[in-house]
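Let chain D serve as the given structure and place chain V on it in line with the hints.
Number of protein chains: 2
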Amino acid sequence: MLAVTILGNNSAIPAFDRHPTAQVITLDDHLFLIDCGEGTQTQMNKYKIRRSRINHIFISHLHGDHYFGLIGLITSMGLLGRHQDLNLYGPALLKDIFDLQLRVADTQLPFNLIFHPLQEEGLLVKETRFQVDCFRVFHRIECWGFIFRQVRPPRRVNPEKARISGIPSSFFDRLKWGEDYETKEGTLIQNATVTDPAPLARSYAYSADTLFHLDIAVKVQGVNMLYHETTYLKDLEERARNRYHCTTIQAATIAKTAGVKQLLIGHFSSKYDKLDEFESEAREVFPNTYLALEGVSYIVP
Amino acid sequence: MLAVTILGNNSAIPAFDRHPTAQVITLDDHLFLIDCGEGTQTQMNKYKIRRSRINHIFISHLHGDHYFGLIGLITSMGLLGRHQDLNLYGPALLKDIFDLQLRVADTQLPFNLIFHPLQEEGLLVKETRFQVDCFRVFHRIECWGFIFRQVRPPRRVNPEKARISGIPSSFFDRLKWGEDYETKEGTLIQNATVTDPAPLARSYAYSADTLFHLDIAVKVQGVNMLYHETTYLKDLEERARNRYHCTTIQAATIAKTAGVKQLLIGHFSSKYDKLDEFESEAREVFPNTYLALEGVSYIVP
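From first to last, the protein sequence lines stand for chains D and V. Take the first sequence: its position 31, counted from the start at 1, is 31 in my numbering, and no numbers get skipped. Take the second sequence: its position 161, counted from the start at 1, is 161 in my numbering, and no numbers get skipped.
Pulled out of the complex, with its shape left as it was, chain D reads as follows:
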């Protein structure tokens, strides 16, 4: 199970009851938070997302609509008595900001806040069931995208075939990772005879705020679902470029070029009340496009 729940889909200024950027990734038993605009903790209350289940937070860049809610979330976690570690990934200067804010408030967090400054593209965190990579995008200031991938054993055991071949269930986990089995009698049971290839692990890429740039299609090549910003409709391509943002057509072009299965679009400018045209314009280029709507969870196909 890999899904994304949208907590905020608007660009800089909150408007039309839309909120600044925040998304929660559900990856099997794990929750991750990507970006944390002002009011994210209130949106979590509204959509019943438990702060205590989040152990990893990823901040794409230091424009306020992507992180002004972070310090409030972190201090609330402390006030609620959190003890487990919290991993925070973001541009290096983020640490200076929350260190200062905690210091002036004379606040000691009751948990370890482990900060990981973003420095190089590539693997950021890998655990048994998931891995997260980061990549640079093209914005006015340093800005990062993230790819979340399920990690799966390469093969699935066929328990009936394995049993008939005399393989004990204690060996099944090694079968999943491709090992052959040798019986007491010295017979080699080839792995492929008792296992099937695992279903493909799913992946979700969040491309943050960026100029239109085909390099992004290379960086997110083949992910199952791509979130790409569409701050403006297609008629404002020049404004989008001047402000280091994208239009519907540009986002859809990235999705098509990258060969993703599904495109989610958001970061809508506060100048737009209605969002329908974002969807219809993007679908001209990439039909499997959906609006990122607040409170909705999108399951990665």
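Wrong hints could be hidden among the right ones.
When chains are identical, the list treats them as one kind, so a pair holds in a single copy or across two.
Stated by the list, open to error - Straight-line alpha carbon distances no greater than 27 Å define the calculated DSSO-like cross-link-like pairs of lysine-lysine that follow:
{"no.": "1", "residue 1": "Lys46", "residue 2": "Lys274"}
{"no.": "2", "residue 1": "Lys256", "residue 2": "Lys234"}
{"no.": "3", "residue 1": "Lys271", "residue 2": "Lys46"}
{"no.": "4", "residue 1": "Lys95", "residue 2": "Lys261"}
{"no.": "5", "residue 1": "Lys234", "residue 2": "Lys274"}
{"no.": "6", "residue 1": "Lys271", "residue 2": "Lys48"}
{"no.": "7", "residue 1": "Lys261", "residue 2": "Lys274"}
{"no.": "8", "residue 1": "Lys95", "residue 2": "Lys161"}
{"no.": "9", "residue 1": "Lys161", "residue 2": "Lys126"}
Keep in mind that the hints were calculated from the coordinates and are not lab data.
Chain V in isolation, oriented as in the chain D frame:
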């Protein structure tokens, strides 16, 4: 006209759809903002308060539930093209925080943000129609209260009497300030014969987060309306003391000792879902007490 509109009445953690502290003062044609917890700009949208009309913001102290919404409000003002000066009053370190946050975002505000660090008790700002004083309260970190006062000419002109006495309307403004008028024939018209004493100017005191301390009653003596925190009900007096906060009975005791006309209570702990008991307990000591409810404007009597 002097009134206060409550945008947030809760203490540290947002809960039960209550928000962290923020209040808007309407003083004749002026709007002032006191404290600015996370989500204040969204509350302003909800209650139709125009950001552009606010020229003075007062921050009591640097606990997050009183200022985490400030940087978002300020940057939104910039994005909306504000040009007029904005005056900000708060503890000195507040400047370090917003300077850092603007710097990392590479943001240049299109207006002057004039910061006034709080240093001494007494007069903070005085203009033709109002003045604001600040005073220290007793919290875990440096913390300030504020008193907003209308400034009125001492007298009101009776236009009919003045006309009969031959005083031109161009002289009326000087009559308001108590001058006598000498006619062309040399007759002295005594001011009191053509004017009446002005109604008393109104005042509102905001006492911020504080321990129970009778000095506060001295500092806010005689104001028309006092806002005083009541983080806890009366049975939690020890907890209130340990956390530098007050109970209902303590807030009401300050109001009674200070001889104010009306008491407004707020900063309710997130442990309380219902608020009725706050009102009933405070009224045991000071009957003219009201709960500070979000979205409600209280007119200073």
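Each hint, compared with the structure:
| no. | hint | result |
| --- | --- | --- |
| 1 | Lys46 / Lys274 | both (22 Å within a copy, 18 Å between copies) |
| 2 | Lys256 / Lys234 | within (16 Å within a copy, 63 Å between copies) |
| 3 | Lys271 / Lys46 | both (25 Å within a copy, 17 Å between copies) |
| 4 | Lys95 / Lys261 | neither (36 Å within a copy, 47 Å between copies) |
| 5 | Lys234 / Lys274 | within (15 Å within a copy, 49 Å between copies) |
| 6 | Lys271 / Lys48 | between (29 Å within a copy, 18 Å between copies) |
| 7 | Lys261 / Lys274 | within (26 Å within a copy, 48 Å between copies) |
| 8 | Lys95 / Lys161 | neither (54 Å within a copy, 70 Å between copies) |
| 9 | Lys161 / Lys126 | neither (32 Å within a copy, 87 Å between copies) |
When each numbered hint is compared with the structure, violations occur for hints 4, 8, 9.
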